[in-house]
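Q: Sequence:
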Amino acid sequence: MGIATRAYAAMEAKGSLQPFTFNRRDLRDHDVELKITYAGICHSDIHTVAGEWGSVLTPLVPGHEIVGVVTQVGKSAKKFAVGDLIGVGVFVDSCGSCENCAQGLQNYCLEGMTGTYNGYERDGVTPAQGGYSNAFVIDENYAVKVPANLSLPGVAPLMCAGITLYSPLRHWKAGPGKKVGVIGLGGLGHMGVKFAAALGAEVTVFSHSASKKADALAMGADHFVLTSDPSVFDSLKSSFDLILNTVSADMDLHPYLRSLKLDGTLVLIGLPGKPYALEGNVLLPARRSIAGSMIGGMPELQEMLDFCGTHNITSDVEVIPASYINEAYTRTVASDVKYRFVIDASTF
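Quick note on the working numbering: the sequence shown kicks off at 102 and runs consecutively.
In silico BS3-like cross-links for lysine-lysine, where the CA-CA straight-line distance does not exceed 25 Å:
| id | residue 1 | residue 2 |
| --- | --- | --- |
| 1 | Lys314 | Lys338 |
| 2 | Lys246 | Lys176 |
| 3 | Lys314 | Lys279 |
| 4 | Lys115 | Lys375 |
| 5 | Lys136 | Lys180 |
| 6 | Lys180 | Lys246 |
| 7 | Lys136 | Lys246 |
| 8 | Lys362 | Lys279 |
| 9 | Lys314 | Lys439 |
| 10 | Lys136 | Lys179 |
| 11 | Lys274 | Lys362 |
It should be emphasised that the hints constitute simulated quantities derived from the structure, not laboratory data.
Construct all of the structure, not just a fragment, from the sequences and the given hints.
A: This is the structure in structure tokens:
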């Protein structure tokens, strides 16, 4: 029958979330079962429930920022033991054999990674249900160990928001001597600031909210640029090695592209509702690039958590009971959270 699980689910697209019970799958040989302690609310959960990213497989239990304690292991599982703190992120499986998976880049699996929710597991039959619940079952190879010194509520968002910013910073070699810009100081952006600062880069936050300045500097930013005045970009031309755009809204990218040095890169992380307009002549004069980045593979996910353990980095969160999920969705859309809602899974 599987593991009886209490959760919150959307019973229809655009619907509110409500209490829901279902059975997780029985443990397979390499599976682990975990008692979820905290589950983060990601903006992509909200987009998915609203049907803004395609069809919605209902009933839908969202959530891909999961942390918990191992309660049971499959007969062939060796990676974790009962009592271990582990985390689960945006995907729960991949083909495991393509060239990208072989490099530990399961997030770029050529056959497509298996998302944590709103789809089926690779058997094509078992619905994949997410972390807004009190229990979870996953193949041990798609979970990571959580450093014991970190505050667990703040760990949950690292499984998506954290790795989403850590991966491009590592790929484009942010560090001492590099100037890094972060557009937006929200659930994603604040992690970018913390990581870039810990890596030793000179960090600038771009924001249209003057009220974010104190937080940005407290998180490690060296500079804060208020973008409501377009003239601020005049003195920033050819300044940055790397700029990370964490904003999901449509915006003019040209001022940021002009702010890149020779061979500088603007990395798109947020997903706007429509294509960006772009003039090629802003790229050519300095061999500038626009790139994209999406979460990270399993080795990098563990590397990030170990880095967080060393530098004591977690997400800034507001912990809520499950009964507050729908209100949290409304507040997240209104950017009324510092900086991530996290559900106390004991309240399911």
